[in-house]
Every structure is written in structure tokens, then in C-alpha cells.
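The listed protein sequences correspond, in order, to chains V and D. Numbers given in the numbering used here equal positions in the first sequence, counted from 1, plus 195. Numbers given in the numbering used here equal positions in the second sequence, counted from 1, plus 195.
Everything labelled a hint here was simulated from the structure, so no lab data went into it. Nothing here was measured: the structure is a model prediction, and the numbers come from that model. Any given hint could be a false lead.
The list cannot tell twin chains apart, which means a pair is met if one copy fits it or any two copies do.
Calculated cross-link-like contacts (lysine-lysine; reagent style DSSO-like; alpha-carbon spacing at most 27 Å) [what the hints assert, rightly or not]:
| id | residue 1 | residue 2 |
| --- | --- | --- |
| 1 | Lys515 | Lys282 |
| 2 | Lys310 | Lys522 |
| 3 | Lys225 | Lys305 |
| 4 | Lys286 | Lys515 |
| 5 | Lys522 | Lys557 |
| 6 | Lys304 | Lys416 |
| 7 | Lys416 | Lys522 |
2 protein chains.
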Amino acid sequence: MALLVQKYGGTSVANIEHIEHVAQRIINTKNEGYDVVVVVSAMGGETDRLIRLAEDLHDNPHPRELAALLATGEQVSVALLCMALHKHGFKARSYTGWQAGIITDDSFKKARIQKVQTETISEALNEGNIVVVAGFQGVDSNGNITTLGRGGSDTTAVALAAALNAHECQIYTDVEGVFTADPRIVSEAKLLKHITFEEMLELASLGAKVLQIRAVEFAGKFQIPLRVASTFSDCPGTLVTYEEKIKGKVMEQPKVSGIAFNRNEARLTLLGVPDRLGIAGIILGPVSEANVDVDMIIQNDSADGTIDFTFTVNREDFNKANEILKKLATELDARDVVTDNKIAKISLVGVGMRSHPGIATKMFTTLGNEGIGIKMISTSEIKISVVIDEKYTELGVRALHAAFRLEQGPTEEFDPEG
Amino acid sequence: MALLVQKYGGTSVANIEHIEHVAQRIINTKNEGYDVVVVVSAMGGETDRLIRLAEDLHDNPHPRELAALLATGEQVSVALLCMALHKHGFKARSYTGWQAGIITDDSFKKARIQKVQTETISEALNEGNIVVVAGFQGVDSNGNITTLGRGGSDTTAVALAAALNAHECQIYTDVEGVFTADPRIVSEAKLLKHITFEEMLELASLGAKVLQIRAVEFAGKFQIPLRVASTFSDCPGTLVTYEEKIKGKVMEQPKVSGIAFNRNEARLTLLGVPDRLGIAGIILGPVSEANVDVDMIIQNDSADGTIDFTFTVNREDFNKANEILKKLATELDARDVVTDNKIAKISLVGVGMRSHPGIATKMFTTLGNEGIGIKMISTSEIKISVVIDEKYTELGVRALHAAFRLEQGPTEEFDPEG
Numbered sequence: 196m197a198l199l200v201q202k203y204g205g206t207s208v209a210n211i212e213h214i215e216h217v218a219q220r221i222i223n224t225k226n227e228g229y230d231v232v233v234v235v236s237a238m239g240g241e242t243d244r245l246i247r248l249a250e251d252l253h254d255n256p257h258p259r260e261l262a263a264l265l266a267t268g269e270q271v272s273v274a275l276l277c278m279a280l281h282k283h284g285f286k287a288r289s290y291t292g293w294q295a296g297i298i299t300d301d302s303f304k305k306a307r308i309q310k311v312q313t314e315t316i317s318e319a320l321n322e323g324n325i326v327v328v329a330g331f332q333g334v335d336s337n338g339n340i341t342t343l344g345r346g347g348s349d350t351t352a353v354a355l356a357a358a359l360n361a362h363e364c365q366i367y368t369d370v371e372g373v374f375t376a377d378p379r380i381v382s383e384a385k386l387l388k389h390i391t392f393e394e395m396l397e398l399a400s401l402g403a404k405v406l407q408i409r410a411v412e413f414a415g416k417f418q419i420p421l422r423v424a425s426t427f428s429d430c431p432g433t434l435v436t437y438e439e440k441i442k443g444k445v446m447e448q449p450k451v452s453g454i455a456f457n458r459n460e461a462r463l464t465l466l467g468v469p470d471r472l473g474i475a476g477i478i479l480g481p482v483s484e485a486n487v488d489v490d491m492i493i494q495n496d497s498a499d500g501t502i503d504f505t506f507t508v509n510r511e512d513f514n515k516a517n518e519i520l521k522k523l524a525t526e527l528d529a530r531d532v533v534t535d536n537k538i539a540k541i542s543l544v545g546v547g548m549r550s551h552p553g554i555a556t557k558m559f560t561t562l563g564n565e566g567i568g569i570k571m572i573s574t575s576e577i578k579i580s581v582v583i584d585e586k587y588t589e590l591g592v593r594a595l596h597a598a599f600r601l602e603q604g605p606t607e608e609f610d611p612e613g
Numbered sequence: 196m197a198l199l200v201q202k203y204g205g206t207s208v209a210n211i212e213h214i215e216h217v218a219q220r221i222i223n224t225k226n227e228g229y230d231v232v233v234v235v236s237a238m239g240g241e242t243d244r245l246i247r248l249a250e251d252l253h254d255n256p257h258p259r260e261l262a263a264l265l266a267t268g269e270q271v272s273v274a275l276l277c278m279a280l281h282k283h284g285f286k287a288r289s290y291t292g293w294q295a296g297i298i299t300d301d302s303f304k305k306a307r308i309q310k311v312q313t314e315t316i317s318e319a320l321n322e323g324n325i326v327v328v329a330g331f332q333g334v335d336s337n338g339n340i341t342t343l344g345r346g347g348s349d350t351t352a353v354a355l356a357a358a359l360n361a362h363e364c365q366i367y368t369d370v371e372g373v374f375t376a377d378p379r380i381v382s383e384a385k386l387l388k389h390i391t392f393e394e395m396l397e398l399a400s401l402g403a404k405v406l407q408i409r410a411v412e413f414a415g416k417f418q419i420p421l422r423v424a425s426t427f428s429d430c431p432g433t434l435v436t437y438e439e440k441i442k443g444k445v446m447e448q449p450k451v452s453g454i455a456f457n458r459n460e461a462r463l464t465l466l467g468v469p470d471r472l473g474i475a476g477i478i479l480g481p482v483s484e485a486n487v488d489v490d491m492i493i494q495n496d497s498a499d500g501t502i503d504f505t506f507t508v509n510r511e512d513f514n515k516a517n518e519i520l521k522k523l524a525t526e527l528d529a530r531d532v533v534t535d536n537k538i539a540k541i542s543l544v545g546v547g548m549r550s551h552p553g554i555a556t557k558m559f560t561t562l563g564n565e566g567i568g569i570k571m572i573s574t575s576e577i578k579i580s581v582v583i584d585e586k587y588t589e590l591g592v593r594a595l596h597a598a599f600r601l602e603q604g605p606t607e608e609f610d611p612e613g
């Protein structure tokens with residue numbers, strides 16, 4: 196029997212009524228003849244409530260204890276969802292991360308899944324159960340409870356889909372799917388029926404927040420068909436597909452699939468660092484050791500034998516990164532540290548863009564015509580990102596959406612089945 | 196280093212302030228040079244909140260899912276308590292039931308502990324940690340989460356004390372210890388410094404509610420010194436001791452240690468059952484199969500070849516037992532079923548009472564002088580219980596407390612060390 200993995204987020208199980216609604220959706224799927232594995236997040240608001248309790252006790256709670264605390268949120272959801280399924284006469288069993296065999300490393304707050312031991316849940320499926328697994332959590336090799344980091348329930352779902360060789364992994368959330376731009380900012384934004392894995396990866400990394408980036412990476416590694424759809428509608432949402440299926444089509448002409456933005460970044464520059472071999476590593480070493488993720492990086496040589504080194508980080512890591520840079524500035528005899536945490540990043544995403552320089556030109560021109568100055572540029576195979584003043588975010592997104600006529604959908608839509 | 200196991204109940208960790216207070220008490224113990232294993236209940240009110248969520252979804256939630264749901268309550272407490280200990284610079288690690296190696300059978304709602312695998316927490320103790328264990332929960336041999344039933348955290352504490360060979364198991368609660376009678380009813384009631392294991396067992400079975408009976412049984416089996424004291428005072432509370440330590444003294448003269456009562460019972464009588472071999476088993480079989488615990492049992496022969504069979508059950512099981520009896524009455528051709536759920540049981544408890552019939556006489560006379568009729572009587576080595584009209588409960592307890600002069604403490608106090 197074909198297996199579907201369905202993931203429901205916190206807003207989808209925020210209260211008893213929502214849990215009953217989700218149960219009904221799962222039952223519909225089961226009645227269509229599928230085996231179902233369900234991954235559930237904590238009830239909306241519960242994780243924040245637990246974090247507040249922890250913060251009342253300790254400014255910086257130990258990660259091991261915080262993980263044990265937060266993991267209770269999903270454990271509550273899975274038990275309640277099973278009860279709702281039982282009420283309709285369906286067999287269902289709940290599993291915590293450790294019970295479901297989700298084995299992770301021991302970085303308690305952002306643990307990575309190392310393997311999934313599927314014996315227990317495979318057996319439960321064979322016995323006709325709907326299997327309900329607590330998202331966001333696992334267990335390390337020493338039996339400690341770990342969490343996968345915020346949004347980690349997506350990763351749980353994809354990992355289970357991969358391990359169980361699921362037909363599809365469906366992420367149900369409170370949005371209809373992936374749009375050409377955030378519909379709250381661009382009212383003409385259009386739902387994408389399909390998106391390539393690479394595009395989804397870029398959108399996730401750009402903070403589009405529909406899917407967690409690690410979940411997308413995981414899905415790509417195992418080529419899991421991944422669907423994003425709304426818990427509260429019957430719209431089929433957006434299906435993430437893989438390059439080989441569509442190669443013939445997409446390379447023919449460039450396609451701008453969507454526009455993403457991220458206001459949650461900050462920029463730091465170390466000015467006038469005396470250049471030497473490996474200087475970038477010397478600067479970024481202490482930053483990554485402090486567990487600060489770096490996004491964009493720019494290094495400029497200047498004629499006087501010094502360099503300017505600029506990078507962006509998540510805004511929540513700004514203070515930490517700033518402290519590190521100040522210390523480094525002294526050690527490395529740099530001239531100064533300048534920072535800016537009122538920036539936003541806007542990105543155009545689409546397969547085949549890189550080989551068409553006209554797209555980048557059009558992007559820069561469009562922004563320039565609106566009076567928006569560009570502070571940094573970074574490009575990849577399928578993405579062009581610019582950093583601008585935060586206050587121009589909405590203006591920039593709307594201007595680009597109009598310039599690339601995304602209200603008509605992506606430049607080239609395709610049918611991955613055909 | 197000597198090890199203490201300390202258990203703190205739900206009211207002791209009901210909020211952040213209480214958790215910080217408990218942390219301070221644990222730190223004081225650690226600073227006195229003890230290794231400490233702490234067992235914690237769910238924050239006061241949390242278990243009830245979770246039960247309400249479950250009942251909103253299902254009239255009769257599946258025990259496996261209910262156990263998984265309720266176990267989160269203690270998991271939250273242990274993580275928070277560790278954070279409070281960390282704040283003061285102490286090493287502490289939290290453990291759920293399965294992490295602490297609490298292996299139980301698979302009766303999810305009232306599971307019995309089969310063994311405790313202490314490797315993990317012994318190692319944590321050796322590394323200098325305060326070990327904080329979630330009470331009330333365990334794991335069965337198939338990896339399912341189980342709960343020990345309400346009050347089961349006491350049992351967890353005693354089981355750990357036994358497995359780790361602790362110096363003492365200390366149960367901290369919201370009362371000062373065991374009194375000669377409930378101080379809310381008898382203002383002259385006196386705190387007992389010591390009580391024998393057998394007396395404690397009777398008091399627990401009588402609903403004195405200071406300790407769960409299974410915890411007392413467990414303690415007795417392994418002769419664990421068990422202390423009951425208040426989380427919110429420095430009073431040393433009541434120490435439960437074992438017979439051999441005090442044999443020489445207690446047998447010399449009878450001692451009435453205390454008076455307990457239980458309003459939570461109901462009485463059922465099957466009248467005029469035709470007698471036959473094994474009739475008691477035939478009647479009680481279906482009752483115990485329905486998981487109804489029976490307390491007092493009386494069987495009267497009558498001259499006409501029929502018997503009257505009377506027993507008491509917890510009031511919450513009254514309806515269930517009544518249904519069973521009505522069915523049995525038809526099957527067994529009994530004359531009638533009569534019931535009374537407005538009864539109370541009052542018990543005198545004290546080692547050596549049985550061999551002194553004067554005590555029973557004094558008890559019956561005292562109640563009679565107050566105009567209180569006795570409906571049933573049951574005796575054991577160290578207890579005399581009577582069933583009376585519920586409305587006479589306070590009157591009866593006070594009269595007996597005065598008649599046996601318990602305001603001066605038990606008839607014979609003793610020092611178990613001397």
C-alpha cells in the first residue's frame with residue numbers, strides 16, 4: 196500500500212477543534228487507501244509558553260534541559276491526535292522522537308538526524324495503525340533527548356518519508372503553498388503549482404518560511420516528492436520536483452519563479468585589515484566557532500595592502516558577531532568595525548537565471564528606478580540577491596514582481612508529469 | 196558519599212517561585228555533603244489540565260496515549276528544576292522515566308515497576324551531578340511510555356532509593372508529616388516523629404493521603420528509611436521505621452498511633468444469595484475483573500441456606516460495582532441488592548493493638564456514647580476499622596482522639612535509635 200507522510204504545523208493543531216479537523220483529513224487520506232504516517236508540531240503557542248517558563252528560571256538555559264522541556268510540546272500533540280483518531284474508530288499510535296527511532300547527534304538545540312530506525316513504526320503500520328510521530332525531536336546515542344531546532348518538524352517528516360520510502364511527503368501549514376512573492380506584500384502574487392528543488396532550497400534559505408531549509412536539503416538528498424499545502428483548504432498546494440524530471444524543459448529559457456525577502460539580517464564590516472594568506476578563514480573562524488551562521492560574504496582588496504571584509508548574519512546573532520569582530524579588529528590591527536542592522540535582502544529565484552545576464556540587469560535597473568540603492572550583491576546558479584535599506588523592502592519586492600510580470604505566473608510554467 | 200532521594204510533589208513545584216525554593220533546599224542538602232537524586236511530580240494543576248484536553252477529545256482515552264500525554268507533565272518539571280539548579284552553579288541533569296531506567300509492566304495507567312536500570316544515573320552521580328528524575332512514569336519492555344497511577348511519584352522515589360541503596364528516601368509534600376489525626380478536623384492532633392512501616396501501610400490504605408500505599412509497600416520490601424516532611428518548613432517530619440529496629444520496645448504495651456478516616460467508600464450488599472461452595476469468589480470474581488478494588492468484606496450465613504454478602508469499594512467505582520451486582524443478583528437468584536454510598540470508615544492504627552481487646556472495646560464504647568451506630572467492623576494486626584454514617588465522621592474522629600488522649604502524642608513514644 197502506498198505510504199504518505201503528512202506533517203501538520205502548530206497552527207494546524209492549536210486547539211481541540213483544529214486537532215479534530217486534522218484527524219478528519221488524515222482519515223480521508225486513509226480512506227483513499229493510503230498508509231499514513233503523521234508528523235505533528237506542538238500546539239500553537241505551547242513552545243513559546245515553555246520557553247518563557249525556562250527563561251523565568253535561567254537567562255541561558257542548558258541546551259540539554261531546554262530540549263527535554265520543549266520536546267513535551269509535540270508529545271502532547273501526538274497523544275491528543277491519536278485520541279481524536281480513536282474516536283472515529285481508527286487505529287492509531289503515537290511515538291515520541293526516541294520511540295520513532297529518530298537518532299540524532301548531540302547538539303541539543305539544532306540536532307541533525309543521523310539515522311531513522313524504522314522497525315517500530317513499520318510494524319505499527321503493518322498492524323494497520325495510523326502512525327503519529329512527534330516532530331522536532333530525536334534522541335542522541337547516549338539516550339539524551341534532542342531537538343532539531345525551530346521548524347524541525349518539517350525535517351522529521353522528510354526524514355521519515357525517506358526512511359520509509361514514502362510516495363509523497365506533504366507539509367500542511369497555514370499557507371496555500373509557495374507564491375511568486377509574499378501575498379501579504381504583493382497582492383497579485385500567484386501560487387506556484389510546481390517548483391524545482393533548487394528553487395525551493397533558495398527560497399527556504401531566503402527566509403520565505405514556507406519550509407525549513409534543512410527539510411528541503413533532506414528531501415533533495417533522497418529525492419522525496421515534497422508538497423506544501425494548507426491544512427484549511429483543499430487546494431493541492433505546491434509540489435517540489437527534481438531536476439532530472441524536467442531537464443528538457445527548464446533549460447530552454449530562463450524562468451523567474453519568485454521573489455523572496457528577508458528582514459532578519461544584519462551586516463558587519465571589518466575595515467582595513469592588513470592582508471595575509473588565509474585572512475578570510477582567520478576572520479570567520481571565531482565567528483563559526485561561536486555558532487553564528489554567516490550568509491553573504493564580500494571581500495574587497497584595496498591598493499594599500501589591506502582588505503575590507505563584509506558579511507551578513509541573522510539579526511539575533513548580531514550582538515555576538517559584533518563582539519567577536521571588535522576583538523578581532525584589535526588582534527588583527529584592523530582600522531575599524533562598521534555595522535548595519537537595518538538591512539533587508541531581496542532575492543530573485545529561478546532555474547537557469549545565471550546564464551541570462553539580462554535578468555540581473557533588469558533587476559538592478561528596476562531597483563535603481565525606484566531610488567533603491569544596492570549595498571551588496573550575491574548570485575548563485577538560480578538566484579540573485581541584493582542587500583538594501585530595510586525601509587525599501589516592500590517597495591522593492593512589488594517593483595520586481597511587476598517588472599518580471601509574475602502576476603501572470605512564472606515566466607515558463609511546465610507540467611512535470613508531461 | 197551517602198545518597199539521599201528526595202521527592203517533591205506537585206504543589207512543591209507549582210510555579211517558578213516554588214521551583215526556585217525547591218532548588219535551594221536541594222542545594223542545601225548537596226552542601227551538607229550528600230549525593231542527591233530528586234524525583235519531581237508535574238507542576239500542580241498540569242496533570243488535570245492535560246486530562247481535560249484528553250477528555251475534550253475522547254470520553255475514554257486509550258491508556259497508552261493518556262500515559263504518553265500525562266508523562267509530559269513531569270518532563271517539564273525536571274527540566275525546569277535543572278535550570279534552577281544550574282542558575283546557582285550546580286551540575287544537574289534531568290531524566291524521564293525511560294531515561295532513568297524505570298522499567299514497568301504494560302498496564303499503562305497503573306503500571307508496576309519491574310526493575311530499575313541504574314547505570315545512567317549512577318554515572319551521572321559519579322560525575323558530580325544532582326540527578327533529577329521525572330516521577331510517575333516508566334517504560335515497558337516494548338518501549339511504550341507508562342504511568343504509575345496518581346501519586347506514583349512516591350513509588351518512583353522509593354524504587355530509586357532501593358535500587359541506589361540510598362541512606363534515606365524523603366518525601367516532601369505540603370503537610371508537616373503524619374499526625375495522630377487529620378489536623379483540619381482535630382486541632383489537637385500531634386505530629387508523629389516516628390511511625391512503624393506497618394502503621395504507615397495501614398494509614399496509607401485508609402486514605403490518609405500522606406503517602407501512596409504502593410510507595411509504602413515498596414519501601415517496606417526493601418526496608419528503605421522513609422521520611423515524610425514539608426517542602427515549606429524545616430520540621431524534620433515523620434520517619435517510617437522497621438519492626439526489627441524497635442521490636443524490644445513496641446511489644447511491651449499497645450500503642451495507638453493515630454486515627455485515620457476515609458469518606459471515599461461505598462457499601463454494597465447482596466442479600467439472600469443461595470449458599471454454595473466458593474460463593475465469595477463467584478461474587479467477587481466479576482468485580483475484580485472490572486478492576487474494582489474491594490476493601491472490607493463481610494459474609495453472614497443465615498439459617499435458611501442463603502448468605503448476605505457485603506463489601507466496600509471506592510466511591511468512584513460504586514456505579515460500576517452496582518451494575519455488576521445487579522447482574523449477579525439475577526444470575527445467582529439473590530433476593531436483593533442494597534447499597535449505601537454515604538458511609539465513612541474510621542480506623543485506629545497502632546502496633547500491638549490486636550492483642551489488647553480493651554482498645555476495641557474502648558473504641559466501640561466511645562462511638563456508642565456519641566450516638567454513632569457501627570455498620571461494619573474489620574480488624575487487622577495493627578488496625579481496627581469501623582464503617583459509620585458519613586455525617587458522623589468528624590464527631591467520631593474527635594471523640595476517639597480525645598478518648599485515647601492522642602493530644603499527648605501516641606500512647607508510647609520511642610526513640611528508634613536508642
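Exercise. Which of the listed hints are broken here?
Worked result: Checked against the structure, the hints that fail are numbers 2, 3, 5 and 7, while the rest are satisfied.
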